[in-house]
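There are 4 protein chains.
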Amino acid sequence: MDLGLNGRNAIVMASSRGLGFACAEALAREGANVTINGRNAEVVRAASDTLRESYDSRVCEVVADASTQEGRKLLLSAYENPDILILNGGGPPPIPFQKTDEKVWQKTLNETLTSPLLMVQAVIEGMKKRKFGRIVAITSAMVKSPHPLMTLSHAPRTGLTSVLKSISRESVKHNVTINQLLPERFETERHRSLLKSTAKLQNKSVEEAEQDIKTSLASGRLGRPEEFGDACAFLCAAQSGYICGQNLMLDGGNYKGQS
Amino acid sequence: MDLGLNGRNAIVMASSRGLGFACAEALAREGANVTINGRNAEVVRAASDTLRESYDSRVCEVVADASTQEGRKLLLSAYENPDILILNGGGPPPIPFQKTDEKVWQKTLNETLTSPLLMVQAVIEGMKKRKFGRIVAITSAMVKSPHPLMTLSHAPRTGLTSVLKSISRESVKHNVTINQLLPERFETERHRSLLKSTAKLQNKSVEEAEQDIKTSLASGRLGRPEEFGDACAFLCAAQSGYICGQNLMLDGGNYKGQS
Amino acid sequence: MDLGLNGRNAIVMASSRGLGFACAEALAREGANVTINGRNAEVVRAASDTLRESYDSRVCEVVADASTQEGRKLLLSAYENPDILILNGGGPPPIPFQKTDEKVWQKTLNETLTSPLLMVQAVIEGMKKRKFGRIVAITSAMVKSPHPLMTLSHAPRTGLTSVLKSISRESVKHNVTINQLLPERFETERHRSLLKSTAKLQNKSVEEAEQDIKTSLASGRLGRPEEFGDACAFLCAAQSGYICGQNLMLDGGNYKGQS
Amino acid sequence: MDLGLNGRNAIVMASSRGLGFACAEALAREGANVTINGRNAEVVRAASDTLRESYDSRVCEVVADASTQEGRKLLLSAYENPDILILNGGGPPPIPFQKTDEKVWQKTLNETLTSPLLMVQAVIEGMKKRKFGRIVAITSAMVKSPHPLMTLSHAPRTGLTSVLKSISRESVKHNVTINQLLPERFETERHRSLLKSTAKLQNKSVEEAEQDIKTSLASGRLGRPEEFGDACAFLCAAQSGYICGQNLMLDGGNYKGQS
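Same order as they appear, the protein sequences are chains F, W, D and R. Per the working numbering, the very first residue in the first sequence carries number 5; after that it's consecutive. Per the working numbering, the very first residue in the second sequence carries number 5; after that it's consecutive. Per the working numbering, the very first residue in the third sequence carries number 5; after that it's consecutive. Per the working numbering, the very first residue in the fourth sequence carries number 5; after that it's consecutive.
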């Protein structure tokens, strides 16, 4: 299937590894120019080189922390005319709600809600003028099914979802779509790290915690990052202009509620 | 993007025109064998020929009414091992709830709820054994936002959605996914026909009714059937095995609620 | 709190025991005239007597099966001007989807979807004319979180919900509200009976099955029918005219999704 | 109906007028002790006196801005053992998303998300120990149907909802319930003020804007604050311990989506 992405300019936040990298790779494979972004120069370089070796598309490296104004400026300077923006970022570790405090709330709201919104603000008007734009936010299955140990993660993400939904109804008529991908349990480094924290909090070994997770999943397996990347590429496709304002879960059918 | 559908056997119900045909075409383009189904032999033949002229995949014609036991039997005899099942069917005309009666309810529930369920029953165990299956139901945006003139349409479709969601949690571990596509306002013959009925009920000209619709849509345009077909093909892709139990709206971002 | 229900006429379907009886009792306590309905004359009589002993309101007995035309006729003859209609009915036993057949689907769709709709059809226009009406459907938490063993129950109930939602937007301006109550795990005879079936299907003792249920519930306890009845009475209150089209779960906070 | 609230201690935030006052009044009428809170001493005094004249319950005045640490401290000092907490606060004026900036986002997130969460943190453990607690957040219908002019309002409120839902599953087993009330279009001063802003933004007269609103509402009328107060009192009732994690809309049936 031709996704019509050849030559499109894609900013992919937090894309030096994990699901962000998987999205960048799928977009690069389809011929889009992609920006690899991360805070660690070596990791960004390695990820970029991997893409350059496999695909013809141009890869741009931006070592920057998108939760700061300077970081966002750098990211936005990658292209004069960005066509695609993938909102992504790390997440906080699990912590019981009663142990959160005002400071940690300000930090997570800035990183996971305000920062991506400011990125959207910076690109959306140009996209509307050029009559093409694809914005995809990588959020979490917890937007639909919030976990008490992850309030710092799902609160800003649901807030972000709410803003994106409301403004998408105004952008879609200019062929600028905004959608969210809601992952649950992919084989990424972040998964490994969360697994360790969860194990510690629940007083279990990592192996026990992993087995518990797999048993608890309807699919009985973790998702593969490349499955995620392809879903992202599809939402960015030229022919996906009628898909807008959607929360697409990639959770192996795990969510029990009506979606 | 390679969807990994080459040689897969796809039963597409009510596929001689409209969104069903668009799904069949996208699947055929990706190399799947497809069954074209409808009640009118000439229309089925014409649709099949159109696909044969453009694509190499095998096209099988089944003139049958899937709301009858014989019709379903015929459809199911097309392949020994079906890999893909697209649930689709015509819908009732708009009618105020107070004018519906017991008989018309029985008819619509049989056609739009029980019949597709019996099709699923017939194929799902084989899919699970063979470790591959993709079931996509074409429902309606009204599953999320039900209209009082269309109770005969959205009641069976929401019931169908409910059953599919519940059984999908058991099939996904065998790589059998079940998802729904929720269209709103595509340029199809059905759209034309509904438009006429609506216009009549609202005492308007067809042109006025169409203009009202476009103005009321966030995207300001109707969807194109080929956009719908590509979304269907993507959900059927080999790499979409982690997408299950989803209601994906194709409504040009029109729905105002959180999805 | 005065609910303003004194002298209102309430038809409560399937109210000789369980949640239906609890609703009838709460309405009677608030001064409404209530119809006790069931298929067993002795049980209907006993339930009616219980209410008559405790409350001053008039109690009318209707021994009738509301899934038949004659049954509905009898029920509707109780009051010339019904003000309140509580939709309720038994539910099917748990059964795996693959074991359901066309006949059993027709039966459950008639009993749990078409029959209540025909009751609504019969009363709603009068309510609109008289500028007061309260319709409450007792459905199930499975409308939000459908279970694969209970497809015969949640499919018709979600279909019913869809119709009620769509027509409620037209009735509310006449002070006729329609809402749904979604119970999960109340201490009723139906609970006991389902427990036995589930235990059998899962090859467990009833005690084990019950313990599994309590452990699985967020609240750690079953709901009390009188809690349910009071919620129903509140939705029927004079001052609840701005609450319409709602799915109110009474599940002890068990559902994990955003509601 | 006896709500079992006699002698309960209720902190009602932002309760000197509007929906907050209506909640305080309904709770006081049911015999609860209530805290009237606002930033203007005269308004707080007047509201408190109104309650004292009509009801026997004790009324405590707290002039404080709950978005500050000192303000929250004052509010929390009202009772040693609070039983009920009503989360409420003013909302930002309508403003297009593109005109929002980092500073205004920080302000709204602090006021409407972090501050209420810190209030919950302060009271919930005590409630759990004492085996009774009722927390009700007054949010907005826009949690379900977000408007592009109100991103500063619905983003923090959806985030708040997400946190409350997740922690409610842990508190309910201690008879501490958490629910949300989602108002739309009540006859309050806030309504008047929003109406003016909207009118200005849409270049209309206030009368035109009001007429547009009424015409757009399914119920054809605005809600009355006392209807809202009674719904709040019902959620706080002793017999409402099995209602938890719910989003109850009070919107006159206006929302078109499945709720």
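Please keep in mind that the hints were generated in silico from the structure rather than gathered at the bench. Source: prediction; values computed, not measured. Among the hints, a few may not be true.
Since the list gives no way to pick out one identical chain from another, each pair is judged satisfied if it fits inside one copy or across any two copies.
[What the hints assert, rightly or not] Cross-link-like lysine-lysine pairs, in silico, DSBU-like; alpha carbons within 35 Å at most:
1) Lys204 x Lys260
2) Lys135 x Lys260
3) Lys103 x Lys133
4) Lys218 x Lys77
5) Lys132 x Lys200
6) Lys77 x Lys208
7) Lys107 x Lys77
8) Lys200 x Lys218
Should Lys204 paired with Lys260 be assigned to within, between, both, or neither, using CA atoms and 35 Å as the limit? both (27 Å within a copy, 24 Å between copies)
Are the CA atoms of Lys135 and Lys260 at most 35 Å apart within a copy, between copies, both, or neither? between (38 Å within a copy, 22 Å between copies)
Up to 35 Å between alpha-carbons, please classify Lys107 paired with Lys77: within, between, both or neither. both (25 Å within a copy, 17 Å between copies)
Within a copy, between copies, both or neither: which one fits Lys218 and Lys77 at a CA-CA cutoff of 35 Å? neither (41 Å within a copy, 38 Å between copies)
One pair to classify: Lys103 and Lys133, alpha carbons no more than 35 Å apart. Within, between, both, or neither? Only across copies: Lys103 and Lys133 sit 18 Å apart there, 46 Å inside one copy, limit 35 Å.
Given identical chains, is Lys77 near Lys208, meaning Cα to Cα at most 35 Å, within a copy, between copies, both, or neither? Result: close neither inside a copy nor across copies, 43 Å intra and 38 Å inter.
Cα distance capped at 35 Å. Does Lys132 pair with Lys200 within a copy, between copies, both, or neither? The answer is between: 30 Å across copies meets 35 Å, while 43 Å in one copy does not.
Classify it for me, Lys200 with Lys218: is the Cα-Cα distance of at most 35 Å met within a copy, between copies, both or neither? Both. Shortest intra-copy (15 Å) and inter-copy (30 Å) distances satisfy the 35 Å Cα cut-off.
The structure fails hints 4 and 6 (numbered hints given earlier, in ascending order).
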